[in-house]
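Residue numbers (full-length UniProt numbering), protein chains in the order written: chain A, 1 to 454; chain B, 1 to 454.
Keep in mind that the hints were calculated from the coordinates and are not lab data. Hints are supplied without guarantee of correctness; some may be wrong.
Since the list can't tell identical chains apart, any single copy or any two copies may satisfy a pair.
[Said to hold, decoys possible] Keeping only pairs whose Cα atoms sit at most 25 angstroms apart, straight-line, the calculated PhoX-like set for lysine-lysine is:
{"id": "1", "residue 1": "212", "residue 2": "423"}
{"id": "2", "residue 1": "220", "residue 2": "314"}
{"id": "3", "residue 1": "314", "residue 2": "212"}
{"id": "4", "residue 1": "84", "residue 2": "115"}
{"id": "5", "residue 1": "58", "residue 2": "115"}
{"id": "6", "residue 1": "342", "residue 2": "314"}
{"id": "7", "residue 1": "423", "residue 2": "337"}
{"id": "8", "residue 1": "314", "residue 2": "448"}
{"id": "9", "residue 1": "314", "residue 2": "449"}
{"id": "10", "residue 1": "115", "residue 2": "423"}
{"id": "11", "residue 1": "84", "residue 2": "337"}
{"id": "12", "residue 1": "346", "residue 2": "86"}
Number of protein chains: 2
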Amino acid sequence: MAAIVSIPEDSDFPLANIPFGVISTANNVSDISFIAISESIYCDVNIVAELIHIQPEKRCATRIGDHVVDLAAVAALGLFDGPKLKTEATRVFAQPTLNEFMRLGRAAWQEARAKLQTVLAAPSTSASVHTALVPLAATTVHLPAHIGDYTDFYSSREHAFNVGVMFRGRDNALQPNYLRLPVGYHGRASSIVLSGTSLSRPCGLIQDPVSKDVFFSESKKLDYELETAFFIGAGNSLGDPIAIDNAEDHIFGMVLMNDWSARDIQAFEYVPLGPFLGKNFGTTISPWIVTLDALEPFRVPQPIQDPAPAAYLKPGIRDAYDIQLHATLTPKHSSKKYMLSKTNFKYLYWTMKQQLAHHTVNGCNMLPGDLLGSGTISGPDPTSLGSLLEASLNGKQDVILSADGSVTRRFIEDGDSLSITGKCEKVINGKRIRIGFGVCEGTILPAKKFEFNK
Amino acid sequence: MAAIVSIPEDSDFPLANIPFGVISTANNVSDISFIAISESIYCDVNIVAELIHIQPEKRCATRIGDHVVDLAAVAALGLFDGPKLKTEATRVFAQPTLNEFMRLGRAAWQEARAKLQTVLAAPSTSASVHTALVPLAATTVHLPAHIGDYTDFYSSREHAFNVGVMFRGRDNALQPNYLRLPVGYHGRASSIVLSGTSLSRPCGLIQDPVSKDVFFSESKKLDYELETAFFIGAGNSLGDPIAIDNAEDHIFGMVLMNDWSARDIQAFEYVPLGPFLGKNFGTTISPWIVTLDALEPFRVPQPIQDPAPAAYLKPGIRDAYDIQLHATLTPKHSSKKYMLSKTNFKYLYWTMKQQLAHHTVNGCNMLPGDLLGSGTISGPDPTSLGSLLEASLNGKQDVILSADGSVTRRFIEDGDSLSITGKCEKVINGKRIRIGFGVCEGTILPAKKFEFNK
Chain A
1 MAAIVSIPED SDFPLANIPF GVISTANNVS DISFIAISES IYCDVNIVAE
51 LIHIQPEKRC ATRIGDHVVD LAAVAALGLF DGPKLKTEAT RVFAQPTLNE
101 FMRLGRAAWQ EARAKLQTVL AAPSTSASVH TALVPLAATT VHLPAHIGDY
151 TDFYSSREHA FNVGVMFRGR DNALQPNYLR LPVGYHGRAS SIVLSGTSLS
201 RPCGLIQDPV SKDVFFSESK KLDYELETAF FIGAGNSLGD PIAIDNAEDH
251 IFGMVLMNDW SARDIQAFEY VPLGPFLGKN FGTTISPWIV TLDALEPFRV
301 PQPIQDPAPA AYLKPGIRDA YDIQLHATLT PKHSSKKYML SKTNFKYLYW
351 TMKQQLAHHT VNGCNMLPGD LLGSGTISGP DPTSLGSLLE ASLNGKQDVI
401 LSADGSVTRR FIEDGDSLSI TGKCEKVING KRIRIGFGVC EGTILPAKKF
451 EFNK
Chain B
1 MAAIVSIPED SDFPLANIPF GVISTANNVS DISFIAISES IYCDVNIVAE
51 LIHIQPEKRC ATRIGDHVVD LAAVAALGLF DGPKLKTEAT RVFAQPTLNE
101 FMRLGRAAWQ EARAKLQTVL AAPSTSASVH TALVPLAATT VHLPAHIGDY
151 TDFYSSREHA FNVGVMFRGR DNALQPNYLR LPVGYHGRAS SIVLSGTSLS
201 RPCGLIQDPV SKDVFFSESK KLDYELETAF FIGAGNSLGD PIAIDNAEDH
251 IFGMVLMNDW SARDIQAFEY VPLGPFLGKN FGTTISPWIV TLDALEPFRV
301 PQPIQDPAPA AYLKPGIRDA YDIQLHATLT PKHSSKKYML SKTNFKYLYW
351 TMKQQLAHHT VNGCNMLPGD LLGSGTISGP DPTSLGSLLE ASLNGKQDVI
401 LSADGSVTRR FIEDGDSLSI TGKCEKVING KRIRIGFGVC EGTILPAKKF
451 EFNK
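With the hints as constraints, model all of the structure from the sequences given.
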């Protein structure tokens, strides 16, 4: 499918993707009066934008190749003419977050994606759609949604086992609940940041494992966690669970996530109520939400679940997705990306449908924009571990990153950048299809000095 | 201090209180055009309201006795003429939540309280303020804030000890971290409901403690937790901790809270990541936020902390408040309130200042409207236990509620209503002062039938 702009062959964002996000531009090229004037004229937005002077406003967008498509502009052109969006598109896409679009439900998301695939294809059904195109470099990308609540699961059996072996030995590695339900906990929504945001190394109380002394320090065991997460689209009322057979209709789409973790702070604080300051100093997500409809060709069977889950968690046949996930580390003053992990979403023991059905089975209510994380995704072999905790055996051995062995890590050092990428690839009818997620990147800055008692 | 309306002697809401909340009325008597017309005329709002027809709109309010004072109306009258509110009052008090007012900071909250105490006193400095008065019975009270994130602490040493003894024995009752830092966890913000909201008994996976069988069931161990919680006013930026000496300036005020808990669901799920479905089906708060300024006369020393906390948690001299807290149970079809607990906020081992300093010491950011709970507040004697878990020794003994022993509970039964009340009382200069919180009430409905696989 050719598009109205050239899309690089290895792009994560072909017309088959159509992810959703939020952007702003220095000058609001999606301003309705401007669009009306320029309809059916192809504009170089970088030049034209200088002619108008409006405060940058966030609005919804999709991405094709290295261009962004301003959905508020597409809506202003009247191109969303289907039954679900005709009366809603102008309102929902002009919002500073995707929450109102998410609330409309899956039929509306499918209608938007299909329409965009038509008008952005070459030849397009709309000449004027060119006016909604902005080069990515001319935009600022923002958090795609207001995240009311954020939950993180622990759904990689390999990860849970590896961590369990370290702390409880092989025989008791998995807790009794692990194979019965998708264990999860509430995370902190306020500190979820967009890819590209730097975070300061956190400080907290740490216990010396030998002397048992407790002291205040910057974290010496700062780690990443390679995760994905999904956004809730339409929610449910308090008291009314989401049945697993309906769960996919409530899932708007997926992003990549790095659940930064201070292992030493976490180790002292987490009994009995779970992770807290070891996690809530920052969580990074990628900006473009990839829909389940885009991922549909990449469905694969999930791992066999034994014992069989309870009825409310009854799995389907192919509830996993074959998403290749890579994590790399770039040291300060370096441009090299050293591979940390090559893993895959399909390894997860518990599926997104099961996570959502479980989360609501007690009546807990979801709202559009809520975020549910997978937990660290580790695979079966040593190259597929999704955290340094596992790769360095909690700091007991070097993880060798460079071929010559000169670059090693046990945990993250100041100035390190972590990048997570994800993509699906498949040959369908002799043609390679690729759907990607872009990048989830963040850099760790040195701990801030802070005067506690003023 | 006499007020412009009669305030019952035992009211929680004298002029010395001035709590903040959110209300709506069937007809918006605070409509600005209406106020302008009626200025300086005393109106019976119940009669006049019928003459105007506007959609009910939420707006900010305070309460005196059995009347509500519509702050949007007070602002429209131009009565907030101080430096912090003069240009902001009309905007912030017309909002459907208190978040924008909270964001202004403590000087603005103090200015609002002082001004309201002046104009609502008899003789008032403003005749027109009568037009902002609404009888409580003519209003609907709403959640006072948009709660972005909700955290619950575990700060009652007595509660932690009692629970610890049950599950680990007396010698290991308190975890090693307990006396070092205020243990807490992230809760679910979406399911926080206002006093008066009924909740359905939750269902989930439960493990038989003897056979170890795991089965799906409605909770058989549904419990309440008597708590208080405080709202964040002005927040902090990600990466910048709040120093304990500044913490009070970030605390907008307090409410009562019932952290409903399904002990059997919680027991199976909570290792290693903490409480989840056992808690997130519902949390009830009282509607009127009582400021720290109103509570100032009731400051008392907090418990002695040994070992001395880390520098960032350094306590003041009188960081606790003498707030008497009662929990009562009313069975279905009964009007009797049986006493469950008489406890006090002052028993808490960790103070609100310490909770907030701890929560942000790693750089975690707070936003206006975030809610931080105390954890169950138990006192030193058997009548001051803040949960049925403790009073019934996890269901092993009856808790006798009625004098004749005919009404007992081990856990909450369908149809039971739980009420929490709180008040401060003191004689100052020969006059009794009382500051109260109103009520935090909720009823448990039978579990809903749900078809899991459609």
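Hints versus structure:
1. 212 to 423: Classified as neither: same-chain Cα gap 44 angstroms, cross-chain 42 angstroms, threshold 25 angstroms.
2. 220 to 314: between (42 angstroms within a copy, 24 angstroms between copies)
3. 314 to 212: Between copies, since 21 angstroms is at most 25 angstroms while 45 angstroms is not.
4. 84 to 115: within (12 angstroms within a copy, 50 angstroms between copies)
5. 58 to 115: within (22 angstroms within a copy, 38 angstroms between copies)
6. 342 to 314: neither (29 angstroms within a copy, 45 angstroms between copies)
7. 423 to 337: within (17 angstroms within a copy, 60 angstroms between copies)
8. 314 to 448: Intra 48 angstroms, inter 20 angstroms, cutoff 25 angstroms: inter-copy only.
9. 314 to 449: between (51 angstroms within a copy, 18 angstroms between copies)
10. 115 to 423: within (24 angstroms within a copy, 60 angstroms between copies)
11. 84 to 337: neither (44 angstroms within a copy, 51 angstroms between copies)
12. 346 to 86: Neither: 37 angstroms inside a copy, 58 angstroms across copies.
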